[in-house]
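Residue numbers (our numbering), protein chains in the order written: chain A, 26 to 336; chain B, 15 to 293.
Hints are computed from structural coordinates only; laboratory data are not their basis. A portion of the hints provided could be inaccurate.
[Claimed, not checked] Here are the in silico distance ranges between beta carbons for each label pair:
1) A:Lys82 / B:Leu34: 45 to 55 Å
2) A:Ile323 / B:Arg57: 45 to 55 Å
3) A:Arg141 / B:Gly192: 54 to 64 Å
4) A:Ile99 / B:Ala31: 47 to 57 Å
5) B:Asn80 / A:Arg141: 45 to 55 Å
6) A:Ser198 / B:Ala25: 25 to 35 Å
Heads up, the beta-carbon is just placed ideally off N, CA and C, and yes, glycines get one too.
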Amino acid sequence: MGVPAYPRVKKAPLKRKTGDRLFSLALLVPTVCMTVVFILIPVIDSVYKSFLDFKVKNIISGQPGVWNNFDNYIKLFQNNKLLPSIITTFSFVIVVVLLQFVLGMVLALILNSNIRFARVFRSIMMIPWVVPTVISALIWMWMFQPQYGLVKYLADIFTLGRVTSLGVLNNPSTALMGISIAALWKQIPLSTLLLLAGLQNVPDDMLEAATVDGANARIKFFKIVLPYMSSVIKITVSMAIIENFKQFPLVWTMTGGGPDNATTTLAVLSYREAFVSNNLGSGAAVTTVWMLLMIVVIFVYNRLMRTESMD
Amino acid sequence: MKTQKLVGGIAKYVVLALILLFLLFPIYWVLVTSFKTNMEAYRFPPTFLPEKPTIDAYISLFTKHNNFFVYYKNNFIVAGITALITTFLAILSGYALSRFHFAWNKWIIAALLSSQMFPVVSRMISLYDLLGRFKLINTHAGLIMALIAAMLPFTSMLMASFFDNVPKAIEEAALIDGAGRTQTLLQIVVPLVKPGMLAVGIYAFLMTWDDYLHAVTLIQNDALRTLSAGISMRYLGELSYDWSLINTISIVGMLPMVAVFFFFQKYMIKGLVAGAVKG
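Chain A with its partners taken away, still in its complex shape:
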């Protein structure tokens, strides 16, 4: 008796799915590992550390942190550090995101109307976006320089010499505005570019039909252009919210959080607690509050945008 002859099965078709699965997994492993090891684990670890008495000296001596009954959070509230910096962060984010959207939209609309050299303008207006953030900060510090700065000179001209000294960044009531201007300068280009791409997706025949029906520019903008762009707008604004919520180097370089803590955002506060005061646990408490706020803001924002696009 011979060995029963098994029908020769072609390997490929049967194993295709399994092969795809293994191949896909192999391709994803490096990215997933990097993300887990260098982003997700550190973030979870920092939330955990926010409940510990954990300072730089713990790292040096190899002593683990000790649970301290929410002391990091309590101290931040008691020293009245957390609330002002939350307010500062929100004022900064709201002002910059709104102005960035409005100015970006205006610039995109102008560049999209058939003006001459639109392509040239589109590429040169991107320059601020590629300037490194720390250098953007330096550029605007020079513009705002209290004695020789250009902004002081302009103020001098427009007020007919009544302004003798103008330290935008040295004055607690104007410092945040100064940083916001620098942030707008750096971020308007990208918003404009994305909104411009959105504008180019608005179908021309719709606009023409509306013109024939006698719709004016305002109606066309609100009833046709904006609805067609809703997904691009949503993404552009949410990118702006995240970017400004996270902004650190600009503020740190321009004012270091001063004067008189007027520009201490959550980013500055967390960095200062963790790496200047060397109290990593306290810094982690700030970033934990910061992350929670960011999640709430993005959640609310998505909700708002969803109901709006339903109309």
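We have chain A already, so just place chain B on it with the hints.
Here is chain B on its own, set in the frame of chain A:
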């Protein structure tokens, strides 16, 4: 009606000019100042063109402030390696996310999207400790790994959107011809997404060139510092600033990025739009 249109047309150009002035004049201002003598830079009212153009500030940057070029070189090394590895890994993960739709994709995309939201400081608090344990603090290797991880979420999604545009029939044909999966990906599909690779690579290079927080927390050794961290640690004193030096540093520091952008702007613009509008 006609005059109204004319006024509208003029208003459009005025607004355009004002916004462009806001965006571009500061650069001009820094450039002009970098060619002034220190005496002229500190004059009030300021001059809008240098009276006696000089390259003294550049010469002094090259001769007296060599540290700057150590930071500069380090920045090229770190940003270059990060961009190369990021692009390679993003090709792999972007292809997997675009082509194979398994149950885990949903979770991976959710992880990648949320990763972009976390504050960098929160990661640094933990990495400062974790990397220290593996002797990776104060090394370019540690810094590069942390930066690659920071770049991967956005670049993977961006790369996936480029793979979405490659017709699947091309791979099917290659597979029928007996090519393996890896071979198909590397020899047939990857050449088709070269613009995407460029967009991803340049984006990663640009963002890494801009990094400040990773470098300032993970590197304490001056000889290993990168540009932004080096500039702020060495040249920004609490009380006095040497403004002509700082303006020169600003120009030299932004130059590579402006050059890269203008050279590759076609890919950059396409890539950014594709990544943001689709992702």
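Each hint tested on the structure:
1. For lysine 82 (chain A) and leucine 34 (chain B), the Cβ-Cβ distance of about 52 Å falls inside the hinted range of 45 to 55 Å, so the restraint holds.
2. Hint check: isoleucine 323 (chain A) to arginine 57 (chain B), Cβ distance near 48 Å, so the stated range 45 to 55 Å holds.
3. Under the hint 54 to 64 Å, the C-beta atoms of arginine 141 (chain A) and glycine 192 (chain B), about 55 Å apart, fit the expected range.
4. Distance hint check for isoleucine 99 (chain A) and alanine 31 (chain B): the Cβ-Cβ separation is about 54 Å, which falls inside the suggested range of 47 to 57 Å.
5. As the Cβ distance of asparagine 80 (chain B) to arginine 141 (chain A) is approximately 46 Å, the hint placing it in 45 to 55 Å holds.
6. For the pair serine 198 (chain A) and alanine 25 (chain B), the supplied restraint of 25 to 35 Å holds, since their beta-carbon distance comes to about 33 Å.
Hint compliance for this structure: every hint is met.
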